[in-house]
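*Asks:* Kindly generate the complete structure, drawing on both the sequences and the hints.
Those sequence lines, one after another, are chains A and B. According to my numbering, the first sequence holds residues 1 to 390 in order. According to my numbering, the second sequence holds residues 1 to 390 in order.
Note that these hints are calculated values from the structure, not bench results. Don't take every hint at face value.
What the hints assert, rightly or not - DMTMM-like, lysine to aspartate or glutamate: derived pairs with alpha carbons at most 25 angstroms apart: (1) Lys383/B to Glu373/B; (2) Lys307/B to Asp216/A; (3) Lys307/B to Asp282/B; (4) Lys99/A to Asp216/B; (5) Lys307/B to Asp144/B; (6) Lys159/A to Asp23/A; (7) Lys345/A to Asp365/A; (8) Lys26/B to Asp74/A; (9) Lys26/A to Asp92/B; (10) Lys99/B to Glu187/A; (11) Lys307/A to Asp144/A; (12) Lys159/B to Glu98/A; (13) Lys345/A to Glu64/B; (14) Lys383/A to Glu373/A; (15) Lys26/A to Asp74/B; (16) Lys383/A to Glu64/B; (17) Lys26/A to Glu64/B; (18) Lys99/A to Glu64/A; (19) Lys99/A to Asp16/B; (20) Lys26/B to Asp16/B; (21) Lys26/B to Asp76/A; (22) Lys26/B to Glu380/B; (23) Lys159/A to Asp189/A; (24) Lys99/A to Asp190/B; (25) Lys26/B to Glu5/A; (26) Lys99/B to Asp304/B; (27) Lys145/B to Glu357/B; (28) Lys26/A to Glu380/A; (29) Lys99/A to Glu98/B; (30) Lys26/A to Glu5/B; (31) Lys145/B to Glu372/B; (32) Lys159/A to Glu200/A; (33) Lys26/B to Glu72/A; (34) Lys99/B to Asp190/A; (35) Lys26/A to Glu342/A; (36) Lys383/A to Asp41/A; (37) Lys145/A to Asp352/A; (38) Lys99/B to Asp23/A.
2 protein chains.
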Amino acid sequence: MRIVEIRERTASIASDIRNAYIDFSKMTCSTVAVVTDTIRDGRPVVGFGFNSNGRYGQGALIRERFEPRIMETDPDDLLDANGRLSPHAIWDTMMANEKPGGHGERSVAVGTIDMAVWDVVAKIEGVPLYRLLADRYRGGVVDDKVWVYAAGGYYYPGKDLGALQDEMRRYRAMGYRAVKMKIGGAELDDDLRRIDAVLEIVAPEDLCVDANGRFDLPTALAYAEALAPYGLRWFEEAGDPLDYRLQAVLSEVYDSPLATGENLFSVQDQRNLIRHGGMRPDRDVLQFDCALSYGLVEYLRMLDMLKDHGWSPRTVVPHGGHQMSLNIAAGLGLGGNESYPEVFKPFCGFADATPVEDSYVGLPDAPGIGFEERATLYAEFRKLVEDLGY
Amino acid sequence: MRIVEIRERTASIASDIRNAYIDFSKMTCSTVAVVTDTIRDGRPVVGFGFNSNGRYGQGALIRERFEPRIMETDPDDLLDANGRLSPHAIWDTMMANEKPGGHGERSVAVGTIDMAVWDVVAKIEGVPLYRLLADRYRGGVVDDKVWVYAAGGYYYPGKDLGALQDEMRRYRAMGYRAVKMKIGGAELDDDLRRIDAVLEIVAPEDLCVDANGRFDLPTALAYAEALAPYGLRWFEEAGDPLDYRLQAVLSEVYDSPLATGENLFSVQDQRNLIRHGGMRPDRDVLQFDCALSYGLVEYLRMLDMLKDHGWSPRTVVPHGGHQMSLNIAAGLGLGGNESYPEVFKPFCGFADATPVEDSYVGLPDAPGIGFEERATLYAEFRKLVEDLGY
Numbered sequence: 001m002r003i004v005e006i007r008e009r010t011a012s013i014a015s016d017i018r019n020a021y022i023d024f025s026k027m028t029c030s031t032v033a034v035v036t037d038t039i040r041d042g043r044p045v046v047g048f049g050f051n052s053n054g055r056y057g058q059g060a061l062i063r064e065r066f067e068p069r070i071m072e073t074d075p076d077d078l079l080d081a082n083g084r085l086s087p088h089a090i091w092d093t094m095m096a097n098e099k100p101g102g103h104g105e106r107s108v109a110v111g112t113i114d115m116a117v118w119d120v121v122a123k124i125e126g127v128p129l130y131r132l133l134a135d136r137y138r139g140g141v142v143d144d145k146v147w148v149y150a151a152g153g154y155y156y157p158g159k160d161l162g163a164l165q166d167e168m169r170r171y172r173a174m175g176y177r178a179v180k181m182k183i184g185g186a187e188l189d190d191d192l193r194r195i196d197a198v199l200e201i202v203a204p205e206d207l208c209v210d211a212n213g214r215f216d217l218p219t220a221l222a223y224a225e226a227l228a229p230y231g232l233r234w235f236e237e238a239g240d241p242l243d244y245r246l247q248a249v250l251s252e253v254y255d256s257p258l259a260t261g262e263n264l265f266s267v268q269d270q271r272n273l274i275r276h277g278g279m280r281p282d283r284d285v286l287q288f289d290c291a292l293s294y295g296l297v298e299y300l301r302m303l304d305m306l307k308d309h310g311w312s313p314r315t316v317v318p319h320g321g322h323q324m325s326l327n328i329a330a331g332l333g334l335g336g337n338e339s340y341p342e343v344f345k346p347f348c349g350f351a352d353a354t355p356v357e358d359s360y361v362g363l364p365d366a367p368g369i370g371f372e373e374r375a376t377l378y379a380e381f382r383k384l385v386e387d388l389g390y
Numbered sequence: 001m002r003i004v005e006i007r008e009r010t011a012s013i014a015s016d017i018r019n020a021y022i023d024f025s026k027m028t029c030s031t032v033a034v035v036t037d038t039i040r041d042g043r044p045v046v047g048f049g050f051n052s053n054g055r056y057g058q059g060a061l062i063r064e065r066f067e068p069r070i071m072e073t074d075p076d077d078l079l080d081a082n083g084r085l086s087p088h089a090i091w092d093t094m095m096a097n098e099k100p101g102g103h104g105e106r107s108v109a110v111g112t113i114d115m116a117v118w119d120v121v122a123k124i125e126g127v128p129l130y131r132l133l134a135d136r137y138r139g140g141v142v143d144d145k146v147w148v149y150a151a152g153g154y155y156y157p158g159k160d161l162g163a164l165q166d167e168m169r170r171y172r173a174m175g176y177r178a179v180k181m182k183i184g185g186a187e188l189d190d191d192l193r194r195i196d197a198v199l200e201i202v203a204p205e206d207l208c209v210d211a212n213g214r215f216d217l218p219t220a221l222a223y224a225e226a227l228a229p230y231g232l233r234w235f236e237e238a239g240d241p242l243d244y245r246l247q248a249v250l251s252e253v254y255d256s257p258l259a260t261g262e263n264l265f266s267v268q269d270q271r272n273l274i275r276h277g278g279m280r281p282d283r284d285v286l287q288f289d290c291a292l293s294y295g296l297v298e299y300l301r302m303l304d305m306l307k308d309h310g311w312s313p314r315t316v317v318p319h320g321g322h323q324m325s326l327n328i329a330a331g332l333g334l335g336g337n338e339s340y341p342e343v344f345k346p347f348c349g350f351a352d353a354t355p356v357e358d359s360y361v362g363l364p365d366a367p368g369i370g371f372e373e374r375a376t377l378y379a380e381f382r383k384l385v386e387d388l389g390y
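*Replies:* Shown next, in the form of structure tokens:
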């Protein structure tokens, strides 16, 4: 069994939304296909992956460093003891001759390939990825549905309070109880008016607010004081993702749940948040996104690190709104998953036949991650492998 | 005044050396030229930059994101209040629409362009960069020579103790009192024999040892116990660069100087080392390398951060062995600079006419960083701009 070829294609996911930190007018996304020599139905079994949103496509790094390292390695060295493709061995091969530290960009490139590797490994086994993960790492226990929340509430030109409320009504009509909106792209008073407007549609315990790392400590504390009376679901990424002290100070004064972690891209960074960030395992939320942070192989190390520190996997609700994290959530027992009902299409979203009900979503029975069960996304992936009979 | 064009060329710096973490068999390096519309001697004034060693060339990121952002900006927005090219404004332009966190790869791309920007700014002013920095940020005080040490002692196939000693003798003959050797690529006992062999050539207070982030805590403590009696110049990068707790624990048990920081690529990461790493401002050494970590604009923020925490710039001895850090050291009063007399040629090394004497090196009077005073390196840069009359 061997990998025959790795293909990459960069797609535009430009849009006119913005958060408190960036706009998405030139955002790109890498799609990857890992082609194996295993033949089913007259064509090679292929795994697909893409990088999560918010970071740029990584086609150049994939082509310059990570794809060649895999393809130049003896295929037998990429197998486990049972002769199956080993995501762990492939990961080690990709990261050969990479220095420690500096966890950005390459973590996205590796995470994208890693996603495609897990997809193809599960397809070759003929099982959904969540089932494979539960069997290998969780004694076979699968969550049959996963809590999801609708992430939106972006700033965009001309969007007023009525438009924000309409957006939230749409999410409720789609089956989401819990929603998230951006803050920090306006003044505090304006943001409070936006929050008040959304709270006409959803209950405080169903509303998350996300500052995208924009605040310095005084601003974070001012928002914390203003937000505290609401009792919101969570207050996300108040300060710079690496400012663990700000996070720790915030947790001293803000009793309701805090969330962060989507911009920590290695187990070393994630461990520093647990060690130094003052996060509270009884209420706070960790949002690490495997697709941005060296993939599921590294994510398993992260979950081990959490266990060593006494944290449950239920405290993890990944960023990104993609099917990979949904599989990990169901297979490894995370606390839920983000969802973007209206942005980052077609990359974000779940299988077409699994509607969201009361903020929970099920998973399809298809082998692999289940990209084939999402027509608009699968159409993107097919562009990579049409010549192979797809 | 405006930037007319930014050019990038990726050069191979492959070699057969290795440290405890990686080999350098496929190492690459980006060279960059920033071409302005200022004409001197019938040709445009050009600034040069390159990324430091140990991380790969970043041509793709430069071409995809950072060069276009500069070239698509109104040139007037890249000037300071005096109508001069502003490295700070150019930096802000490069980092537009980049999310916080994830400081790797792009930090190298930005650092490479930033180096060329400072080179051209100083050339247009007609002064050496160290003079410009001293005038702008240090009341005009310049160090007329900078402490340097010879970094080497790599592992390579077939290298025995005699060859290691010969290498150190060569460094001494070149004018270096202080030298550095790798550890952690062999067993502790072997490394101690290597250290004993080198100590036949240099005094303990002139010998640095570098583990390149390889050790876990038990191994770091075992090395610390074994190294303590020697009283070495410093013990560098014992553990993972992001494992601040390991660094803090090590400083509890190891009295002699510790050094680290070359793999921390943002002021946020560098601040975390100061906050959480237990480093001691009276003896320890910080090795941040501007070329890997968003350039001199970010380095100035780092020095401000150090000042806020009560640390002197003399505690900083940058990684990288390049002329950019040498200018910063002389102009801003750092503690010294690394030097690679035998590796990473031609990128590392100083001006041809400034010999090392008793481990100190002077700087040329040429405008800019002084790359033109180093013939082998200038030959690399000329490849970028031969068509412009260079």
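*Asks:* A separate judgement is required for each hint: does it hold in the structure or not?
*Replies:* Evaluation of the provided hints:
1. Lys383/B to Glu373/B: holds, 16 angstroms
2. Lys307/B to Asp216/A: holds, 19 angstroms
3. Lys307/B to Asp282/B: The given pair, whose Cα atoms are some 14 angstroms apart, holds under the 25 angstroms limit.
4. Lys99/A to Asp216/B: Holds, because 15 angstroms separates the two Cα atoms, which is no more than 25 angstroms.
5. Lys307/B to Asp144/B: Judged against 25 angstroms, a Cα distance of about 23 angstroms means the pair holds.
6. Lys159/A to Asp23/A: holds, 15 angstroms
7. Lys345/A to Asp365/A: holds, 23 angstroms
8. Lys26/B to Asp74/A: holds, 18 angstroms
9. Lys26/A to Asp92/B: Roughly 17 angstroms between the alpha carbons, so the hint for Lys26/A and Asp92/B holds.
10. Lys99/B to Glu187/A: The given pair, whose Cα atoms are some 20 angstroms apart, holds under the 25 angstroms limit.
11. Lys307/A to Asp144/A: Status holds; Cα separation ~23 angstroms.
12. Lys159/B to Glu98/A: holds, 23 angstroms
13. Lys345/A to Glu64/B: Holds, because 22 angstroms separates the two Cα atoms, which is no more than 25 angstroms.
14. Lys383/A to Glu373/A: holds, 16 angstroms
15. Lys26/A to Asp74/B: The hint holds at about 18 angstroms.
16. Lys383/A to Glu64/B: holds, 22 angstroms
17. Lys26/A to Glu64/B: At roughly 10 angstroms apart (the allowed maximum being 25 angstroms), Glu64/B and Lys26/A satisfy the hint.
18. Lys99/A to Glu64/A: Between Lys99/A and Glu64/A the Cα gap is close to 16 angstroms, so the pair holds against 25 angstroms.
19. Lys99/A to Asp16/B: holds, 16 angstroms
20. Lys26/B to Asp16/B: holds, 9 angstroms
21. Lys26/B to Asp76/A: Holds - the C-alpha atoms of Asp76/A and Lys26/B are around 23 angstroms apart, at most 25 angstroms.
22. Lys26/B to Glu380/B: The hint holds at about 18 angstroms.
23. Lys159/A to Asp189/A: holds, 17 angstroms
24. Lys99/A to Asp190/B: holds, 23 angstroms
25. Lys26/B to Glu5/A: holds, 21 angstroms
26. Lys99/B to Asp304/B: Status holds; Cα separation ~23 angstroms.
27. Lys145/B to Glu357/B: Answer holds: Lys145/B to Glu357/B is near 10 angstroms, not above 25 angstroms.
28. Lys26/A to Glu380/A: holds, 18 angstroms
29. Lys99/A to Glu98/B: Holds, because 23 angstroms separates the two Cα atoms, which is no more than 25 angstroms.
30. Lys26/A to Glu5/B: Cα-Cα ~21 angstroms, so holds.
31. Lys145/B to Glu372/B: With Cα atoms ~19 angstroms apart, Lys145/B and Glu372/B stay inside 25 angstroms; holds.
32. Lys159/A to Glu200/A: Given that 25 angstroms is the threshold and the Cα spacing comes to 17 angstroms, the pair holds.
33. Lys26/B to Glu72/A: Holds. Lys26/B to Glu72/A sits at ~13 angstroms (cutoff 25 angstroms).
34. Lys99/B to Asp190/A: holds, 23 angstroms
35. Lys26/A to Glu342/A: Roughly 18 angstroms separates the two Cα atoms, so the pair holds.
36. Lys383/A to Asp41/A: holds, 19 angstroms
37. Lys145/A to Asp352/A: holds, 15 angstroms
38. Lys99/B to Asp23/A: Distance of about 10 angstroms is within 25 angstroms: holds.
Violated hints: none; the structure is consistent with every hint.
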